[in-house]
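A.B. asks: With the hints as a guide, dock the two chains, each given alone in a separate frame, to form the complex.
As given, the protein sequences belong to chains Y and G, one line each in that order.
Position one of the first sequence corresponds to residue 1 (this note's numbering), numbered consecutively onward.
Position one of the second sequence corresponds to residue 278 (this note's numbering), numbered consecutively onward.
It is possible that part of the hints are untrue.
What the hints assert, rightly or not - Restraint ranges, calculated between C-beta atoms of paired labels, are given here:
#, chain 1, residue 1, chain 2, residue 2, range
1, Y, T28, G, K532, 35 to 41 Å
2, G, D430, Y, M182, 27 to 33 Å
3, Y, G81, G, L361, 42 to 48 Å
4, Y, M182, G, L301, 53 to 59 Å
5, G, T424, Y, P29, 24 to 30 Å
6, Y, G81, G, F445, 27 to 33 Å
Think of the hints as simulated: they come from the structure by calculation, not from any bench.
Bear in mind that the values here come from a model prediction, so they are computed numbers and not experimental data.
Glycine residues also receive a C-beta, built at the ideal position from the N, C-alpha and C atoms.
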Amino acid sequence: MMQQPVHMQSTSPQSALRVQGVTKVFTTPKGAVEALASTSFAVGQGEFVSIVGPSGCGKTTILRIIAGLTAASQGHVYLNGQEITGRTGGNIGIVFQEANLLPWRTILDNVALPLKVAHMPKPERHEQARHYIDLVGLKGFANRMPHELSGGMRQRAGIARALVHNPALMLLDEPFGALDAMTRDEHRLEFLRLWQETNKTVLFITHDIGEAVFMSDRVLVMTPRPGRVVQEVAIDLPRPRHLDQWATPAFREMVHHIRETVVNAARRQEGGAALEA
Amino acid sequence: MKPENGLARKLLDAALIALTFILLVGGAEAAIHLFRVPRWILPAPSQVVVALVNNFGTEILPNLIVTLKEVGLGFTIGASLGILLAMVITQVPILEKMITPYILLLVTTPMISLVPLLMLVFGFGITTKVIVIALATGPVVMMNTVTGLQGVDPLRLDLMRSLHANTFQVFWEVRLPSALPSIFTGLMIGAVFSIITAVGAEFVGGTAGLGNRLLFNSSLLNTAVMYAIILVLALMGLSVYVIIQFISKRLITWK
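Bound conformation, chain G alone (with noise of 0.2 Å):
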């Protein structure tokens, strides 16, 4: 049977990945219900969705906020530094050879590792890891951002050149939409580092978020809520996937 238009073919691809999760989620259940799993080792699903509902206004809900806060300042700040400082760089080339390596180095370098360092001077607040999550965002969306706006094909600067455009009006026209692209792939891997950086840096030092309340459960053996925690933060980062993924369609139609 094959589907005749895009509307059955949508839905064929819903029901396969709803059978999937039945079927993963289900045989979960039975396999922890018929070993007898310890509910402090592995908690069956239903009691992952109890803890979940049971805890999401209390604990989770307040928690998702402050790291979403978090994760929002820092990732806005990076992404944007990294852009603008990008767009300087490629304009100044001389700039771009001074930089660039200790961008390469910035990328490189595991930033959560810097918590401990910036708590003693920022204190155990947001302000850290506000810093934190801007220093794992800013340099790899200013990567990305300079490949793109360095990638582009010379024949369109020619084709600008030969109109005697100046410099904003081959930025604006040409430069920066060529870049689109790229400069998406950076936010994409930006936000990716934005949360898990997140995460770490609430594992160091402080008494709010998702990642501190995982540490806290776990020291309670509070399996199921660490469960829930998890699959919150999964469909965290799903939804800032989705809706980066979103923005960038809209914004680049002609790919």
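The shape of chain Y in the complex, shown without the other chains (with noise of 0.2 Å):
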């Protein structure tokens, strides 16, 4: 069930994104931040990965420099190979925490947008974007102002608009913690149909643990102070995954390690801190 970092590589031979060595140090007026410390993993090619961890532990520096909206300190990304480190150069659909949709544009110019930003006429970047609304279930919302929706229908336009340019990488960060419980379980299935759908290679971050755990075929956990991958664990449980997968044992072992992982190390590093002071 879990497996250790040399092994893990084995199972993705095919390295859709590889993050190698990367740092983040902030300057402050009090000082550099190490946010983040040296951290390397990789992303297969149709492989869906979560990193999971306490809030402050970098999981959303890790994404954004991916995404190359913030710089490394140091390190390098690649995403097909191609070097993709500080430029907005990658082919990246970002699912946003709440949709972060433009309110003064209907669904359908929402998720056309990336087609549009890339100079595609208006014909067809509307017919592609119809296709993706259809997809995430909005069929008959095209029309329709953001302010009209509600908030879990919001973030399917905002999956839809991360889906519509084909991105070789799509980032999610923490996309359905802004829903109430009901509906994140379906948009959680949802997403997954989606994903087995469209073959996306996926970097997911979440602090809920049995989320990584349900969505993912691999987990990273990352600790604060500085952000670190401590841990890989590969999820085997069979897919489809359904929602009765949550109260198998080996589902609720897995969650229970991860949970360990993390305040164990947490734990470590107050000592730490303690011996320090």
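C.D. replies: Structure, rendered in structure tokens:
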């Protein structure tokens, strides 16, 4: 069930995303703060990998570095073999915490935005956007404004927008955190269905250990101060996943193990801090 | 009794406003006749209406057109320059640092104080007034536009950057729409400033415009005509407000 990093890489011989020795140091008025210690990992083609960890562990920082929104202090990021470090050069689709739609655009125009930015003519980009709007279950809502939709429906549109330009990598930053529990379950299942239909490579960020286990092929466990990946856990639950799996002993054991890892790391760090003081 | 739909509510609101109007105007009319207030101190509403009708074509309308022309030109020039300058300086941060203190000075200086100076150079005609109105409007529109352009949700900028959008696309898709509410706030304040400045500038010098007519009728103790002119100015301000509000509601449909 649990495997060590060396073994891991053999399961993904064709890496879509490779993060190599990436660090991040923020300079603040009180001095340098190491947000991210040297971090390396890879995500295979079509693989679903989650990063899980408490808030402040640098998981959003790593996502921003991959997306080119924040510069890494050191290290390299490769997407399909090409270095994209420090540039927004990668063909990436991001799903934000809350849908982050443009309130002045219809759902159709919001979903078509990545294609518009890439100068695709209107009829074609609308046709393509409609396809993805249907795919995420928003058929009939294309001409609505975002404020006319529920939070869950807005996030569906956000997912359609992240898919519409056929990105090489999807980054999701706690995409279901703002939804109520029942809607969240529904969205998780639906996103897994979409993932399997579209064959995307996914890096999924969450602080919800259960969610990470339920969704992923592999979970990277991060701890804070400085943020680093302390363990990789392979999730060998059969797919397609269904909600009943949450109650199985194997599932619960994995969740328990990851929680222990995070808690122990935090304890070690507190101990270390106490010794320093 | 509770109104059941929007229309009933609107009718009720309108009826209340009309009732207030009738009470106020009727009360003033009655009180002024009852206490025999001299008409050069306070004319009765009916006398103001008579003055308005009698002087509308000959005196009020031609001068209203002059004032409107000054306000229209000055406001348009000032607001356009203000918005344009705001767009430029938000793209060039160093320019913003250099200019902002001076713009603040322009906002806080009463522009009417420049009128006597400008008259020395540009004369008593419309040019002086248009310049002063533009100076009164531009900085306040600019300040509000800058605030709007800078107050963009950073997540929306992240989205555009992750899509490799260029500067123009970021501006057109995200910055400008985000700034629209602020821009309209600026335009609203700017429009009010324009009218105040126009009337003030006409007080200082010149031979036409509603401000000029106010002074003229004051010297003749034509109080009823003065009230008629003030009424017209009030309606003019209200119309400008309604027009800008209308355009703003049309453009900003998502709020």
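A.B. asks: Verify the CB-CB distance for Y/T28 and G/K532 against the hinted window 35 to 41 Å.
C.D. replies: holds (36 Å)
A.B. asks: For Y/M182 and G/L301, compare the CB-CB distance with the range 53 to 59 Å and indicate the outcome.
C.D. replies: holds (57 Å)
A.B. asks: Between Y/G81 and G/L361, does the beta-carbon spacing fit 42 to 48 Å?
C.D. replies: With a Cβ separation near 46 Å, Y/G81 and G/L361 satisfy 42 to 48 Å, so the hint holds.
A.B. asks: Return holds or violated for the Cβ distance of G/D430 and Y/M182 against the range 27 to 33 Å.
C.D. replies: Because 28 Å falls inside the window, the suggested range holds.
A.B. asks: Holds or violated: 24 to 30 Å for the Cβ distance of G/T424 and Y/P29?
C.D. replies: holds (26 Å)
A.B. asks: Holds or violated: the 27 to 33 Å window for the beta-carbon distance between Y/G81 and G/F445?
C.D. replies: holds (32 Å)
When each numbered hint is compared with the structure, no violation occurs for any of them.
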